[in-house]
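J.: The residues making up each chain are set out below.
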Amino acid sequence: DAMVIQNPRYQVTQFGKPVTLSCSQTLNHNVMYWYQQKSSQAPKLLFHYYDKDFNNEADTPDNFQSRRPNTSFCFLDIRSPGLGDAAMYLCATSINSAGYEQYFGPGTRLTVT
Amino acid sequence: AQKVTQAQTEISVVEKEDVTLDCVYETRDTTYYLFWYKQPPSGELVFLIRRNSFDEQNEISGRYSWNFQKSTSSFNFTITASQVVDSAVYFCALSLIPGTSGSRLTFGEGTQLTVNP
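Protein chains in written order, with this note's numbering: chain L, 1 to 113; chain R, 1001 to 1117.
Worth double-checking, as some hints may not be accurate.
What the hints assert, rightly or not - With a straight-line Cα cutoff of 25 Å, these simulated SDA-like cross-link-like pairs (lysine to any residue) come out:
| hint | chain 1 | residue 1 | chain 2 | residue 2 |
| --- | --- | --- | --- | --- |
| 1 | L | K38 | L | F73 |
| 2 | R | K1003 | L | Y50 |
| 3 | L | K38 | L | V12 |
| 4 | R | K1038 | L | P18 |
| 5 | R | K1038 | L | H29 |
| 6 | R | K1003 | L | T20 |
| 7 | R | K1003 | L | P61 |
| 8 | L | K17 | L | D51 |
| 9 | R | K1003 | R | V1089 |
| 10 | R | K1070 | R | D1055 |
| 11 | L | K44 | R | V1046 |
| 12 | R | K1003 | R | G1062 |
| 13 | L | K38 | R | A1001 |
| 14 | R | K1038 | L | P106 |
| 15 | R | K1038 | L | I95 |
| 16 | L | K38 | R | A1088 |
| 17 | R | K1038 | R | V1115 |
| 18 | L | K52 | L | T20 |
| 19 | L | K52 | L | Q36 |
| 20 | L | K44 | R | P1041 |
| 21 | L | K52 | L | P18 |
| 22 | R | K1038 | L | R109 |
| 23 | L | K38 | R | T1106 |
| 24 | R | K1070 | R | A1001 |
| 25 | R | K1016 | R | V1084 |
| 26 | R | K1038 | L | K17 |
| 27 | L | K44 | R | N1052 |
| 28 | L | K44 | L | M88 |
| 29 | L | K38 | R | T1072 |
| 30 | L | K44 | R | G1043 |
None of these hints come from the bench; they were simulated from the model. These numbers were taken from a predicted model, which means no experiment stands behind them.
Modelling step: build the complete structure from the supplied sequences, incorporating the hints.
T.: Put into structure tokens, the structure is as follows:
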């Protein structure tokens, strides 16, 4: 089945130690998104790629970076994780950006110790 | 700016009861899209429905139905004969067509639905 895959499902990192979360998709969608979701809150968009074009949200901290080396893969890099970055990170895809539904992966739960 | 309000933070029902989840949205745009997503305890958001602003026709899919009313800026979701597996957080979301606002989803705060056996 076509899907959005996130690895790992659980990630523990130390305060200040860089960490990379990965997302892959078999849907061949043009757009890939990264969301941060903290407990009992709605997902918050960090950034998205339309093909190779990167679109950063105005309030996304510089500590968060992303790479999309090809259509299938997208990475979220947290350069110096703080305790406040502990959250669920959700990757999503959509075939296009014009109001199309987004399909989400299972998420990576990040713990910062 | 756009906004989505889900006034019901938590709802608890007994299995087989009908339950309606409310969603009210705000936007100045005339073209927009509305969505409902389900987030079970496993964490993955599951797409349920998309509706564009020009299509006010209500929709039914099995036990699920949606009532879209532009006059009241509401897009409510009803589950008929609820089941324990319906227990989840449900998010209503709004998306505008690409432009200065891009393609982001504006989510409501979510409604935690608990269906008790």
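J.: For every hint, state whether the structure bears it out.
T.: Against the structure, the hints come out as follows:
1. K38(L) with F73(L): holds, 24 Å
2. K1003(R) with Y50(L): Holds. K1003(R) to Y50(L) sits at ~24 Å (cutoff 25 Å).
3. K38(L) with V12(L): holds, 16 Å
4. K1038(R) with P18(L): Distance ~32 Å between K1038(R) and P18(L) Cα, so the pair is violated.
5. K1038(R) with H29(L): holds, 21 Å
6. K1003(R) with T20(L): violated, 32 Å
7. K1003(R) with P61(L): With a Cα-Cα distance of about 22 Å, the restraint between K1003(R) and P61(L) holds, given a limit of 25 Å.
8. K17(L) with D51(L): violated, 29 Å
9. K1003(R) with V1089(R): holds, 19 Å
10. K1070(R) with D1055(R): Satisfied, since the Cα-Cα distance of roughly 10 Å is no more than 25 Å.
11. K44(L) with V1046(R): holds, 16 Å
12. K1003(R) with G1062(R): violated, 29 Å
13. K38(L) with A1001(R): holds, 23 Å
14. K1038(R) with P106(L): It holds: about 12 Å lies between the C-alpha atoms, which stays within 25 Å.
15. K1038(R) with I95(L): holds, 20 Å
16. K38(L) with A1088(R): holds, 16 Å
17. K1038(R) with V1115(R): holds, 14 Å
18. K52(L) with T20(L): Status holds; Cα separation ~19 Å.
19. K52(L) with Q36(L): holds, 21 Å
20. K44(L) with P1041(R): holds, 18 Å
21. K52(L) with P18(L): holds, 24 Å
22. K1038(R) with R109(L): Given that 25 Å is the threshold and the Cα spacing comes to 18 Å, the pair holds.
23. K38(L) with T1106(R): holds, 16 Å
24. K1070(R) with A1001(R): Holds, at roughly 18 Å.
25. K1016(R) with V1084(R): holds, 9 Å
26. K1038(R) with K17(L): Distance of about 33 Å is beyond 25 Å: violated.
27. K44(L) with N1052(R): Within the cut-off at roughly 22 Å; holds.
28. K44(L) with M88(L): holds, 10 Å
29. K38(L) with T1072(R): Violated, at roughly 31 Å.
30. K44(L) with G1043(R): holds, 15 Å
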